[in-house]
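Asker: If you're matching positions, the sequence shown starts at 1 in the working numbering and goes up one per residue.
Hints are not guaranteed to be accurate.
So the derived label-pair ranges between C-beta atoms look like this [unchecked claim]:
#1 P61 with P152: 14 to 22 Å
#2 H103 with A38: 22 to 30 Å
#3 G151 with V43: 17 to 25 Å
#4 A116 with M95: 32 to 40 Å
Simulated from the structure, these hints should not be mistaken for laboratory data.
For each residue, glycine too, the CB sits at the ideal point set by N, CA and C.
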Amino acid sequence: CARTSGGAVYCWGFSSLQAVGQGSDSSVANRILSTSGAIADAVQLVTGVDTACALRPGAGPGQYSPWCWGDDRAAAQGVNTVDSPTARQVLDTTMMPILDATHIAAGQGWACVSRADQSVWCWGADIQGVQGNGTGTAAVQLLAQRVPNVGP
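Kindly produce the complete structure, drawing on both the sequences and the hints.
Answerer: Below you can see the structure in the form of structure tokens.
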């Protein structure tokens with residue numbers, strides 16, 4: 001995937017879980033769509049294994065909202081839905097969108113953001129303990145959850 005200087009996001013290549021924005025295989029760059037139209041305002045883009053996320057404008061200057069697509073484990077929509085080429089806004093444990101992210105990272109079916117209050121929130125597959133909750137299982141967190149003991 002790539003982000004243009006104007007903030008548009010395009011993906012291409014092979015993905016069994018639709019992270020390229022159109023089906024599972026594309027040799028042509030596809031514009032990534034969100035539930036509110038084509039992404040044209042991304043300020044940061046990250047990719048993991050079959051997962052991609054973009055930070056888009058959020059609550060104010062320097063604060064952003066994460067939107068993810070591909071592997072549904074990293075979609076953080078509170079329900080297991082079908083892997084999707086459409087970007088969806090990430091929700092936290094209160095079912096509210098995150099609007100104050102400052103940075104984002106993604107991996108194999110998971111993603112994490114740091115927030116304006118210096119806390120870290122993660123969602124998706126708890127592969128190798130990425131959730132930081134001490135379980136170390138591969139359980140899937142369907143909503144972004146705060147990582148314990150990080151931040152204020």
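Asker: So, for every hint listed, does it hold in this structure?
Answerer: To see whether the hints hold, each was checked on the structure:
1. In this structure, P61 and P152 meet the distance hint of 14 to 22 Å, their C-beta atoms being roughly 21 Å apart.
2. Judged by the Cβ atoms, the range 22 to 30 Å given for H103 and A38 holds: they are separated by roughly 24 Å.
3. Take G151 and V43: their Cβ atoms lie about 22 Å apart, and the range 17 to 25 Å holds.
4. Look at A116 against M95: about 20 Å separates their beta carbons, and that is not inside 32 to 40 Å.
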